[in-house]
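Q: Sequence lines, in order, name chains A and B.
Take the first sequence: its position 118, counted from the start at 1, is 118 in the numbering used here, and no numbers get skipped.
Take the second sequence: its position 10, counted from the start at 1, is 10 in the numbering used here, and no numbers get skipped.
Hints listed in this document are in silico derivations from the structure and should not be mistaken for laboratory results.
It is possible that part of the hints are untrue.
[Said to hold, decoys possible] No farther apart than 20 Å at their CA atoms in a straight line, the calculated lysine to aspartate or glutamate pairs in the EDC-like style are these:
1. A:Lys93 with B:Glu115
2. A:Lys93 with A:Glu82
3. A:Lys17 with B:Glu19
4. A:Lys96 with A:Asp86
5. A:Lys96 with B:Asp43
[Stated by the list, open to error] Restraint-style ranges between C-beta atoms, simulated for each label pair:
6. B:Ala125 with A:Ile51: 28 to 38 Å
7. A:Val77 with B:Gly14: 42 to 52 Å
8. A:Ala27 with B:Ser15: 20 to 30 Å
9. A:Gln20 with B:Ser15: 18 to 28 Å
10. B:Gly10 with A:Glu113: 44 to 54 Å
11. A:Ala27 with B:Tyr20: 16 to 26 Å
12. B:Glu80 with A:Pro126: 31 to 41 Å
13. A:Arg127 with B:Val5: 40 to 50 Å
14. B:Tyr20 with A:Gln161: 21 to 31 Å
15. A:Glu34 with B:Gly78: 40 to 50 Å
16. B:Gly10 with A:Gly108: 39 to 49 Å
17. B:Gln7 with A:Pro40: 37 to 47 Å
18. A:Leu159 with B:Pro36: 55 to 65 Å
Quantities reported herein were computed from a predicted structural model and do not represent experimental measurements.
Here a beta-carbon is modelled for each residue, glycine too, at the ideal position from N, C-alpha and C.
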Amino acid sequence: MSNWKHTIVGAEFEKLKLWQREQAFHAIVKEAGESFDEPPYAVVWEDPDDIDAPMKVTTPSPVWWAMALHGGILPPVRVYHELAADEARSDFKRHKRGYLLHETPPVGPMTEEEAMLYLIEKDVPPRVWRDYNGNRTLFRVAPRSAIPTDRSNRNAWQLKQEAA
Amino acid sequence: MSTIVAQNFGDGSGSVGVEYIMRGAFKAWTSYNQTPGTPTVRDSLNVSSLTDHGAGDATHNYVNDMASANYALIFYGGKEISTHTQRGQGWNVRGAPVAASARVVTVNSGAGTAEDQEHVNLYIAGDLA
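The shape of chain A in the complex, shown without the other chains:
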């Protein structure tokens, strides 16, 4: 384990605001001469509200991926859902509960599987992973190596459906 990993732990670090925790993490990793690895997975998904649209591919950023696996930085994903609910209100002007991002105790280290599930719940619309009741497969977690490299027909990509 690299020495920097011992630096980014503890109650003092968790008192920082979320954006401060990310900035500190970013700086400490780079000052240690390390780089952020490309995440090995992506989420491929279709929007049930626009089924003719091309398949979407959601890729975690390398910094976010490293923070998720490290632990002690990201808030529980339910915090994002609470802010999204606030923003969906017709009278929403500006977030007033940003403190939820900063003051809710961060989650611990995630496995790769847990990190991808967290990312789906955070960055893929709930109508894809929670609310859909139809028969189509709307999303999968895929290794990046399984995603086509030729983008010449990118706008024709569709998620392959399992045989009935």
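Fit chain B to the supplied structure of chain A, relying on the hints for placement.
A: Structure of chain B alone, referenced to chain A:
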């Protein structure tokens, strides 16, 4: 890690408040390549993921939400035509709603057609939640 506590920064002849500097700083940025099969994020700050919707079309999702949808955006793409040459590309924001948690952007070829680019850069300024 050390923290410098100050209310103002100055050069002796004048000063500005820390809040002024903080509010003017970029709150998110990313550099990515949308030409591989799966877009590659070279580096970023405050970006949890990139959703590739199709040619030249992507959503940037934030780690720390913005305070509202009223924030500023600088966004551009460049394409390598030869080993050392790039040309700037036109850009536009698709007609999708802008949210405090994400922003949808589209890079076009300058002729109005969405197009993947090797060097796409995004900067966001505004208030964080």
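Q: Evaluate each hint against the coordinates.
A: To see whether the hints hold, each was checked on the structure:
1. Distance hint between lysine 93 (chain A) and glutamate 115 (chain B) is unfulfilled; the C-alpha atoms sit about 34 Å from each other, more than 20 Å.
2. Restraint check for lysine 93 (chain A) and glutamate 82 (chain A): satisfied, since their Cα atoms lie roughly 15 Å apart, inside the 20 Å limit.
3. Among the hinted pairs, lysine 17 (chain A) with glutamate 19 (chain B) is consistent with the structure: their alpha-carbon atoms are about 16 Å apart, no more than 20 Å.
4. Among the hinted pairs, lysine 96 (chain A) with aspartate 86 (chain A) is consistent with the structure: their alpha-carbon atoms are about 9 Å apart, no more than 20 Å.
5. Distance restraint check for lysine 96 (chain A) and aspartate 43 (chain B): the Cα-Cα separation of roughly 30 Å exceeds the 20 Å cut-off, and the hinted pair is therefore not satisfied.
6. Distance hint check: the CB atoms of alanine 125 (chain B) and isoleucine 51 (chain A) are about 36 Å apart, consistent with the given range 28 to 38 Å.
7. Distance hint check for valine 77 (chain A) and glycine 14 (chain B): the Cβ-Cβ separation is about 45 Å, which falls inside the suggested range of 42 to 52 Å.
8. In this structure the hint that alanine 27 (chain A) and serine 15 (chain B) lie 20 to 30 Å apart at CB holds, the actual value being about 26 Å.
9. One distance hint, 18 to 28 Å for the beta-carbon pair glutamine 20 (chain A) and serine 15 (chain B), holds here, with the actual separation near 23 Å.
10. For the hinted restraint 44 to 54 Å between glycine 10 (chain B) and glutamate 113 (chain A), the CB-CB distance of approximately 51 Å keeps it satisfied.
11. Checked against the hint of 16 to 26 Å, the C-beta distance between alanine 27 (chain A) and tyrosine 20 (chain B) comes to roughly 23 Å, which is consistent with it.
12. Separated by about 38 Å at the C-beta atoms, glutamate 80 (chain B) and proline 126 (chain A) satisfy the suggested range of 31 to 41 Å.
13. Checked against the hint of 40 to 50 Å, the C-beta distance between arginine 127 (chain A) and valine 5 (chain B) comes to roughly 46 Å, which is consistent with it.
14. For tyrosine 20 (chain B) and glutamine 161 (chain A), the hinted distance range of 21 to 31 Å is not satisfied, since their beta carbons lie about 55 Å from each other.
15. At about 28 Å, the CB distance of glutamate 34 (chain A) to glycine 78 (chain B) disagrees with the hint of 40 to 50 Å.
16. Range check, glycine 10 (chain B) to glycine 108 (chain A): Cβ separation about 42 Å, and the 39 to 49 Å hint holds.
17. Here the CB-CB span from glutamine 7 (chain B) to proline 40 (chain A) is close to 46 Å, well matched to the stated 37 to 47 Å.
18. For the hinted restraint 55 to 65 Å between leucine 159 (chain A) and proline 36 (chain B), the CB-CB distance of approximately 19 Å leaves it violated.
Consistency with the previously given hints fails for numbers 1, 5, 14, 15 and 18, ordered from lowest to highest.
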